[in-house]
Amino acid sequence: MEILSEQELHNLAMNIVGKDLENRGFEFLAVNSQLKKDPQFVCLKNKKLHFVVVKAVKYPDNPKKYDATFMETVKEHALKFKARTYYAGVGIADAEDYEKPVLKGRNYIVNYDGIQEIV
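Counting from 1, position 18 in the sequence shown corresponds to residue 933 in our numbering; the numbering is continuous, with no gaps.
For the record, the hints were derived by calculation from the structure and aren't laboratory data.
Hints may contain errors.
In silico lysine-lysine, DSSO-like type, Cα no more than 30 Å apart, as pairs [said to hold, decoys possible]:
id : residue 1 : residue 2
1  : K980      : K951
2  : K990      : K980
3  : K963      : K995
Make the full structure from the sequences, and use the hints.
Here is the structure:
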């Protein structure tokens, strides 16, 4: 079986976060699913602009932990547009053995607690 690539894991995380944002009433203005092109989502909610950075995180890394220096850079960029900045870490692991890579066609487990605002 084939291991999911970094881009495929990222796309999976994007889908999970995208559905969450949609359910929360966010309107998408721009979506960028390319790796290392941040933010992934530029959204509108209550007439306010929101930048959302999405990261797929492999086990055993903590999906809630983010690179503060990097997120500060994104936040500075967002402030130029009077936008709020969010981080969305999505933990993805093989359902049967967390230590194994995620394979195409196999079940996986998701660890996602929603978006975290960077203040």
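Which numbered hints turn out to be false for this structure? none
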